[in-house]
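The listed protein sequences derive, respectively, from chains A and B.
Our numbering numbers the first residue of the first sequence as 2 and each following residue consecutively.
Our numbering numbers the first residue of the second sequence as 2 and each following residue consecutively.
Think of the hints as simulated: they come from the structure by calculation, not from any bench.
This structure is a prediction, so every number in the text was calculated from the model and none was measured.
For glycine and all other residues, C-beta sits at the position ideal for the given N, C-alpha and C.
Wrong hints could be hidden among the right ones.
[As the list claims (entries may be wrong)] If the Cβ cut is set under 10 Å, some of the chain B residues that face chain A in the computed set are: (1) Y34; (2) Q38; (3) L89.
[To be verified] Restricting the straight-line Cα-Cα distance to at most 30 Å, the calculated cross-link-like pairs of lysine-lysine (DSBU-like) are: (4) K110/A with K53/A; (5) K78/A with K53/A; (6) K10/B with K110/A; (7) K110/A with K78/A; (8) K69/A with K10/B; (9) K69/A with K107/A; (10) K57/A with K107/A; (11) K58/B with K53/A; (12) K107/A with K78/A; (13) K78/A with K61/A; (14) K57/A with K110/A; (15) K61/A with K110/A; (16) K53/A with K69/A; (17) K57/A with K69/A; (18) K58/B with K69/A; (19) K58/B with K110/A; (20) K107/A with K61/A; (21) K10/B with K107/A; (22) K61/A with K58/B; (23) K53/A with K107/A; (24) K69/A with K110/A.
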Amino acid sequence: GNSVTQMEGPVTLSEEAFLTINCTYTATGYPSLFWYVQYPGEGLQLLLKATKADDKGSNKGFEATYRKETTSFHLEKGSVQVSDSAVYFCALSGSQGGSEKLVFGKGTKLTVNP
Amino acid sequence: DSGVTQTPKHLITATGQRVTLRCSPRSGDLSVYWYQQSLDQGLQFLIQYYNGEERAKGNILERFSAQQFPDLHSELNLSSLELGDSALYFCASSVTPFTEAFFGQGTRLTVV
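Can you build the whole structure from these sequences, using the hints too?
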């Protein structure tokens, strides 16, 4: 079935460091891919999305490119801030067994220190 | 504000009891999802509805049930509650099952 695998955390960085959170997926057909962010005590918020191969989603300095050849959707940011500390979830939306599902990875906790 | 409203925000109840969690999706969204988030299990998909019909089922226990009403709001019913049911329960909605989902703030259920 459809699944998402993202790098285990936690990840701890210093402010202004470069961030990469790896995400790979398994899916039939052509899923849409998403990154969600969950700040402490809050619900999940959509960070960015890509709906077809080679699409690049971007928002708030974060970027991810839909790579069908490597089935990946890695999240990157050039210079993280303390306010980026949160849990990041990779997700895909696609058809599985005749129904559509939104499937999430386990989440990666990011802590950015000043 | 995502536009998805969940009530109540917090719920404390005793083992063996039954509770109902409510979700109002964003205006125009036809699809509703329910997720359970606990520390050790991560984000678990429970069930999905689209325009009143069940579309997909995940790891939902038999003690749990849900429905989506004609006005598109949804309710998640949890019965014979156990300590292990303590978790955050999120509702999300989307226009269609393939588009991005928007999450509510969640209901924190504590079973004592």
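Against the structure, the hints:
Because the closest C-beta pair between Y34/B and chain A is about 6 Å apart, less than 10 Å, the hint holds. For Q38/B, the suggested interface contact is upheld, since its CB lies about 9 Å from the closest CB of chain A, less than 10 Å. Interface hint status for L89/B: upheld, as the beta-carbon distance to the closest one in chain A is roughly 9 Å, under 10 Å. With a C-alpha separation of about 27 Å, the suggested pair K110/A and K53/A falls inside the 30 Å cut-off, and the hint holds.
Our distance criterion of 30 Å between C-alpha atoms is met by K78/A and K53/A, whose separation comes to about 21 Å. Between the alpha carbons of K10/B and K110/A the distance comes to roughly 24 Å, so the proposed pair stays at or under 30 Å and holds. This hinted pair checks out: K110/A and K78/A have alpha carbons roughly 15 Å apart, not beyond 30 Å. For a cut-off of 30 Å, the pair hint linking K69/A to K10/B is broken: about 39 Å separates their Cα positions.
Under the criterion of a C-alpha separation no larger than 30 Å, the hint pairing K69/A with K107/A is consistent with the structure, at around 21 Å. A distance of roughly 22 Å separates the Cα atoms of K57/A and K107/A; the hinted pair therefore holds under the 30 Å criterion. Between K58/B and K53/A the CA atoms are separated by roughly 26 Å; this keeps the pair inside 30 Å, and the hint holds. Distance hint between K107/A and K78/A is fulfilled; the C-alpha atoms sit about 20 Å from each other, no more than 30 Å.
With a CA separation close to 9 Å, the supplied pair K78/A and K61/A stays within the 30 Å bound. Pair hint K57/A plus K110/A holds up; C-alpha atoms about 23 Å apart against a cutoff of 30 Å. Between K61/A and K110/A, the direct Cα distance comes to roughly 18 Å. Compliance with the 30 Å bound is thereby established for this hinted pair. Pair hint K53/A plus K69/A holds up; C-alpha atoms about 8 Å apart against a cutoff of 30 Å.
About 12 Å separates the Cα atoms of K57/A and K69/A, which keeps this hinted pair within 30 Å; it holds. For the hint linking K58/B to K69/A, the alpha-carbon distance of about 27 Å falls within 30 Å, and the restraint holds. Using a Cα cut-off of 30 Å, the hinted pair K58/B and K110/A holds, with the two alpha carbons roughly 27 Å apart. A distance of roughly 22 Å separates the Cα atoms of K107/A and K61/A; the hinted pair therefore holds under the 30 Å criterion.
For a cut-off of 30 Å, the pair hint linking K10/B to K107/A stands: about 23 Å separates their Cα positions. A distance of roughly 34 Å separates the Cα atoms of K61/A and K58/B; the hinted pair therefore is violated under the 30 Å criterion. Of the supplied pair hints, the one linking K53/A and K107/A holds, its CA atoms being roughly 23 Å apart against a limit of 30 Å. Pair hint K69/A plus K110/A holds up; C-alpha atoms about 26 Å apart against a cutoff of 30 Å.
Checked against the numbered hints given earlier, this structure breaks hints 8 and 22; the rest are met.
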